[in-house]
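Start from chain A and add chains B and C according to the hints.
The residues making up each chain are set out below.
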Amino acid sequence: MPVTLADLAARIGAQLRGDGSAGVLGVAPLETAGLQDVAFYVNPRYRKALRATRALAVIVAEDDLAHLPEGTAALVAAQPYVAFAKASALFHRELSPPQGLHPGAQVDATAQVHATASIGAGAVVGARAIVGAQTILHPGAVVLDDARVGKACVLWPGAVVRERCVLGDRVILQPNAVIGSDGFGFAFDLEGESGPQHRKIPQAGIVRIEDDVEVGACSCIDRATMGETLIGRGAKIDNLVQVAHNVRVGALSLLVAQSGISGSTELGQGVILAGQVGVIGHLKLGDGARVGAQSGVSRDLADGETVSGSPAIPHREWLKQSAAQPRLADLLREVRKLSQRVAELEKERRT
Amino acid sequence: MPVTLADLAARIGAQLRGDGSAGVLGVAPLETAGLQDVAFYVNPRYRKALRATRALAVIVAEDDLAHLPEGTAALVAAQPYVAFAKASALFHRELSPPQGLHPGAQVDATAQVHATASIGAGAVVGARAIVGAQTILHPGAVVLDDARVGKACVLWPGAVVRERCVLGDRVILQPNAVIGSDGFGFAFDLEGESGPQHRKIPQAGIVRIEDDVEVGACSCIDRATMGETLIGRGAKIDNLVQVAHNVRVGALSLLVAQSGISGSTELGQGVILAGQVGVIGHLKLGDGARVGAQSGVSRDLADGETVSGSPAIPHREWLKQSAAQPRLADLLREVRKLSQRVAELEKERRT
Amino acid sequence: MPVTLADLAARIGAQLRGDGSAGVLGVAPLETAGLQDVAFYVNPRYRKALRATRALAVIVAEDDLAHLPEGTAALVAAQPYVAFAKASALFHRELSPPQGLHPGAQVDATAQVHATASIGAGAVVGARAIVGAQTILHPGAVVLDDARVGKACVLWPGAVVRERCVLGDRVILQPNAVIGSDGFGFAFDLEGESGPQHRKIPQAGIVRIEDDVEVGACSCIDRATMGETLIGRGAKIDNLVQVAHNVRVGALSLLVAQSGISGSTELGQGVILAGQVGVIGHLKLGDGARVGAQSGVSRDLADGETVSGSPAIPHREWLKQSAAQPRLADLLREVRKLSQRVAELEKERRT
Numbered sequence: 001m002p003v004t005l006a007d008l009a010a011r012i013g014a015q016l017r018g019d020g021s022a023g024v025l026g027v028a029p030l031e032t033a034g035l036q037d038v039a040f041y042v043n044p045r046y047r048k049a050l051r052a053t054r055a056l057a058v059i060v061a062e063d064d065l066a067h068l069p070e071g072t073a074a075l076v077a078a079q080p081y082v083a084f085a086k087a088s089a090l091f092h093r094e095l096s097p098p099q100g101l102h103p104g105a106q107v108d109a110t111a112q113v114h115a116t117a118s119i120g121a122g123a124v125v126g127a128r129a130i131v132g133a134q135t136i137l138h139p140g141a142v143v144l145d146d147a148r149v150g151k152a153c154v155l156w157p158g159a160v161v162r163e164r165c166v167l168g169d170r171v172i173l174q175p176n177a178v179i180g181s182d183g184f185g186f187a188f189d190l191e192g193e194s195g196p197q198h199r200k201i202p203q204a205g206i207v208r209i210e211d212d213v214e215v216g217a218c219s220c221i222d223r224a225t226m227g228e229t230l231i232g233r234g235a236k237i238d239n240l241v242q243v244a245h246n247v248r249v250g251a252l253s254l255l256v257a258q259s260g261i262s263g264s265t266e267l268g269q270g271v272i273l274a275g276q277v278g279v280i281g282h283l284k285l286g287d288g289a290r291v292g293a294q295s296g297v298s299r300d301l302a303d304g305e306t307v308s309g310s311p312a313i314p315h316r317e318w319l320k321q322s323a324a325q326p327r328l329a330d331l332l333r334e335v336r337k338l339s340q341r342v343a344e345l346e347k348e349r350r351t
Numbered sequence: 001m002p003v004t005l006a007d008l009a010a011r012i013g014a015q016l017r018g019d020g021s022a023g024v025l026g027v028a029p030l031e032t033a034g035l036q037d038v039a040f041y042v043n044p045r046y047r048k049a050l051r052a053t054r055a056l057a058v059i060v061a062e063d064d065l066a067h068l069p070e071g072t073a074a075l076v077a078a079q080p081y082v083a084f085a086k087a088s089a090l091f092h093r094e095l096s097p098p099q100g101l102h103p104g105a106q107v108d109a110t111a112q113v114h115a116t117a118s119i120g121a122g123a124v125v126g127a128r129a130i131v132g133a134q135t136i137l138h139p140g141a142v143v144l145d146d147a148r149v150g151k152a153c154v155l156w157p158g159a160v161v162r163e164r165c166v167l168g169d170r171v172i173l174q175p176n177a178v179i180g181s182d183g184f185g186f187a188f189d190l191e192g193e194s195g196p197q198h199r200k201i202p203q204a205g206i207v208r209i210e211d212d213v214e215v216g217a218c219s220c221i222d223r224a225t226m227g228e229t230l231i232g233r234g235a236k237i238d239n240l241v242q243v244a245h246n247v248r249v250g251a252l253s254l255l256v257a258q259s260g261i262s263g264s265t266e267l268g269q270g271v272i273l274a275g276q277v278g279v280i281g282h283l284k285l286g287d288g289a290r291v292g293a294q295s296g297v298s299r300d301l302a303d304g305e306t307v308s309g310s311p312a313i314p315h316r317e318w319l320k321q322s323a324a325q326p327r328l329a330d331l332l333r334e335v336r337k338l339s340q341r342v343a344e345l346e347k348e349r350r351t
Numbered sequence: 001m002p003v004t005l006a007d008l009a010a011r012i013g014a015q016l017r018g019d020g021s022a023g024v025l026g027v028a029p030l031e032t033a034g035l036q037d038v039a040f041y042v043n044p045r046y047r048k049a050l051r052a053t054r055a056l057a058v059i060v061a062e063d064d065l066a067h068l069p070e071g072t073a074a075l076v077a078a079q080p081y082v083a084f085a086k087a088s089a090l091f092h093r094e095l096s097p098p099q100g101l102h103p104g105a106q107v108d109a110t111a112q113v114h115a116t117a118s119i120g121a122g123a124v125v126g127a128r129a130i131v132g133a134q135t136i137l138h139p140g141a142v143v144l145d146d147a148r149v150g151k152a153c154v155l156w157p158g159a160v161v162r163e164r165c166v167l168g169d170r171v172i173l174q175p176n177a178v179i180g181s182d183g184f185g186f187a188f189d190l191e192g193e194s195g196p197q198h199r200k201i202p203q204a205g206i207v208r209i210e211d212d213v214e215v216g217a218c219s220c221i222d223r224a225t226m227g228e229t230l231i232g233r234g235a236k237i238d239n240l241v242q243v244a245h246n247v248r249v250g251a252l253s254l255l256v257a258q259s260g261i262s263g264s265t266e267l268g269q270g271v272i273l274a275g276q277v278g279v280i281g282h283l284k285l286g287d288g289a290r291v292g293a294q295s296g297v298s299r300d301l302a303d304g305e306t307v308s309g310s311p312a313i314p315h316r317e318w319l320k321q322s323a324a325q326p327r328l329a330d331l332l333r334e335v336r337k338l339s340q341r342v343a344e345l346e347k348e349r350r351t
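Chains as they are written, first to last, in my numbering: chain A, 1 to 351; chain B, 1 to 351; chain C, 1 to 351.
Only chain A is shown next, with the shape it has when bound in the complex:
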């Protein structure tokens, strides 16, 4: 599907500098882009690659135009990375299996699957479950009884939506993502039938996932003990993330890989957890709060607060601490010497 540069510029909302009649075949990185490819530039780390690129055109911000090689067309955009996302989407064709039920699909007679949905080999839809228009269940995806999956969702192989959970529209579940597993709720019973036991608290609630959410591979979102665990509109969750029961994740939040949120904690809108972060339970993280990688959050965060470390402290404090940290061993020596010098002075004084 070749388009002209002029077409492309129009479709991604960029201003063209150069010959609009040239044909574009696709997008590619600066380093490997060929004469019919469009690349993009936004990170100064790649300026050298920009200068050497053989791309037909590069998507750039106005300010970076000067760095383009001579003869290279430019697609100038206020948000170059967004313009690139749009360009890439034009050329990329997602895997799209045929509509309808694969002969090997297992759909319960009482389920309501839209005629334009695609249910793959070995995918399962349980009793009374609902699957919306244009939604794709790839092979091996499972939607259990009474669950509801909206329109234009994509469930990759092995993704599981347990009973009664609800997904909005355009939700993507990467392979082996789990929605609605039981929360980790037990009451320690000293007087169990055969001695002390952890008595299971029924996890009677559900998970509700709003529109435009993506959940990464092998990430787990537990159902609520009572009520709902909620993932807000447009939030994006990376791989191997744990979201415990009754957590609320605000719209547009980003949870990077291997982070975990304990029970009943609430994240505001646009919260960012970098990779491998842990957040304890029953906290409130304000809108736009940001947490650095590998941090452990053990207190509420204000709107826009940025923290790092374990336990997490304001990011600036943490930078200061991290800088001071390597000097501790020397400091110990220094104080020992200082103590000797003072002792010497004290001794002289007495004599």
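Hint data in this document are derived by calculation from the structure and do not stem from the laboratory. Warning: the hint list may mix true and false statements.
Residues of chain B clear of chain C, computed beta-carbon distances all greater than 10 Å [as the list claims (entries may be wrong)]:
1) A78
2) L90
3) H114
With a cut-off of at most 25 Å between alpha-carbon atoms, the simulated PhoX-like pairs for lysine-lysine come out as follows [as the list claims (entries may be wrong)]:
4) B/K347 with C/K347
5) A/K347 with C/K347
6) C/K347 with B/K337
7) C/K337 with A/K337
8) A/K320 with C/K320
9) C/K48 with B/K284
10) B/K86 with B/K151
11) C/K86 with C/K151
12) B/K337 with B/K347
13) C/K347 with C/K337
14) C/K320 with A/K337
15) B/K347 with A/K347
16) B/K337 with A/K337
17) B/K86 with A/K200
18) A/K337 with A/K347
19) C/K337 with B/K320
20) A/K151 with A/K86
From the three backbone atoms N, C-alpha and C, an ideal C-beta is built for every residue, glycine too.
Relative to the frame of chain A, chains B and C by itself:
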């Protein structure tokens, strides 16, 4: 299934204060409970909610009776949280598919599946595997050859029990939990057939899981190199937990989400690992040892020892350190000034 | 399959000391080995077990011969652990389902599955996908459209290979491992159709896995945004590991459980990440670099560099810091006292 408050009190072992004839429809949180719901109270954090609740009755400890709103019935229990667990179980109906084999189930001819077991669409039972009475394999659960699954177990979609592993009774595997994956065992062979290589050590052992264990979504328990990896009776494992080969987890232990235990380590009874904890290999953690969130354990722990930090130290020490930590930067400055003052004194002395 | 000790010695490249005619039935740990078992010894931690073993023979290094109980045969090897791996492989029979397609397998008509491959119940092979000779897809494994799986691979239940990804020969995917999930790539678009949104960047690339790689249970390897995510020959990846888009992992590297590597980072050959390590994006870790457990790597590492801590620093520095750390609280007290003593001296001087 409405029951009277008096019935409910009897069934959960609580003492009723109030009108026993009122009908109860279910359990609910203090905040949302209606006039036919029973709520519970145990955490002082929710005292305000307790005072404002519209619940018919609240499960509480004797000492908290005074905080109930006037006219609200009380179900007084020595272990309120346990009483709540029992009450909730009375009203909650777990998803229970029909007994027998779903037409889309794939059960090997040589497998022994009890007539009262339920094998869902796309679930697989391998050769000579045994599945006990009342056990449920939800769609897509897999039990491989020669594995044994006890009575009244629940395997959620995508849960995998590999060949020869053994599960006791009432074991629950959340979706995509993995029992019996190969341990991470390789011998670095400098003289491999085509250069250096990591030569795989066959992981010839199994995993044995005792009665009443629960394993969370996407948690992985590796089979032993030789012998058994063992999860003791009543232990509860949260999501995304890693248990390496030849580990032994004692009865009633709790492993919170994203924790990991390296090979051959032994946990006593009732050990608690909070979230994102790591434990290195070949250690012994005594009965009742507790490890704080995000800690890294690199030495044996005594019975009842409580540790935090990475590397983990006694929890009290860790609290002291954590308090001192933020003062390091100031300390550096202070010592520098002190050094100047001492130098000044020394200089004067000489003059 | 009993073999004689002499046979065994020959087959594992060891020198026999003792009666070569004795029959061997298997391998076993020192503690439990019986009169027809071969054990091995390499870790001094187990010297006591060595001295008490009832094994027929023990695989040992020359230097450790003296510790063997009298009458116990020895299989002397330069690399005892490697020799043990070979011995164990001789006696261990991996689960090997029959060749061909199980009646419950779902193989697309356009897929090319080698006649000697084994496709289990509920396993799925997509359109135009290729599965090589001797490869096993256990029940519930999924290979999507246009993917290529080499010879003698083993895909355990629930393992997923997404569209177009490429696996070499002898690759092992443990249960629920995910190859080719979408990378976590979003452009924040302030001018989305209905307000700000995270606009998905198509993840148009693939994952390429070279020969002899093993990927652990529930580990996730994201496909590249453009181009390839690459796992080099003979690398071994443990459970619950996250490898982000466009990462390159060098040959023979070892990634221990629950580690994570952010986007576009490159690991050289033979890099070792211990458990629960995090590495940020766009870094280069040199050949043979080693990272201690729970560390966080935020800068490039030189060849052979060994680091620990978060943020990670040279391992020796980290040891020093870790030793100094517990003394900080005392140091604060000491400096306070010292300051008083100096003040006293200053006061006296003035008088």
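Hint check:
Even its closest Cβ contact with chain C, about 40 Å, leaves B/A78 beyond 10 Å, as expected for a residue assigned away from the interface. With a minimum CB-CB distance of about 35 Å to chain C, B/L90 clears the 10 Å threshold, and the non-interface call stands. With a closest Cβ-Cβ approach of about 20 Å to chain C, B/H114 is found to remain outside the 10 Å limit, as its non-interface label requires. For the proposed pair B/K347 and C/K347, the alpha carbon gap of about 16 Å is at most 25 Å, so the pair holds.
For the hint linking A/K347 to C/K347, the alpha-carbon distance of about 16 Å falls within 25 Å, and the restraint holds. Taking the CA atoms of C/K347 and B/K337, the gap is about 17 Å. The hint holds against a cut of 25 Å. A hinted pair counts as satisfied when its Cα atoms are at most 25 Å apart, and C/K337 with A/K337 qualifies at roughly 14 Å. As the CA atoms of A/K320 and C/K320 are separated by approximately 20 Å, the hinted pair is consistent with the 25 Å bound.
Straight-line distance between C-alpha atoms of C/K48 and B/K284 comes to about 18 Å, which keeps the hinted pair within the 25 Å bound. A distance of roughly 21 Å separates the Cα atoms of B/K86 and B/K151; the hinted pair therefore holds under the 25 Å criterion. The straight-line distance between the Cα atoms of C/K86 and C/K151 is roughly 21 Å, inside the 25 Å bound, and the hint therefore holds. Restraint check for B/K337 and B/K347: satisfied, since their Cα atoms lie roughly 15 Å apart, inside the 25 Å limit.
Proximity of C/K347 to C/K337 is assessed by CA-CA distance (about 15 Å); at most 25 Å being required, the pair is judged to hold. Only pairs whose Cα atoms come within 25 Å are accepted, and C/K320 paired with A/K337 is accepted, the gap being roughly 19 Å. With a CA separation close to 16 Å, the supplied pair B/K347 and A/K347 stays within the 25 Å bound. Annotation: proposed proximity of B/K337 to A/K337 holds, straight-line Cα distance about 14 Å (limit 25 Å).
Annotation: proposed proximity of B/K86 to A/K200 holds, straight-line Cα distance about 9 Å (limit 25 Å). For the given pair, A/K337 sits about 15 Å from A/K347 by alpha-carbon distance, which is consistent with the 25 Å threshold. For the given pair, C/K337 sits about 19 Å from B/K320 by alpha-carbon distance, which is consistent with the 25 Å threshold. At roughly 21 Å between alpha-carbon atoms, A/K151 and A/K86 fall within 25 Å of each other, so this suggested pair holds.
Going down the numbered hints, you'll see the structure goes against none, and every one checks out.
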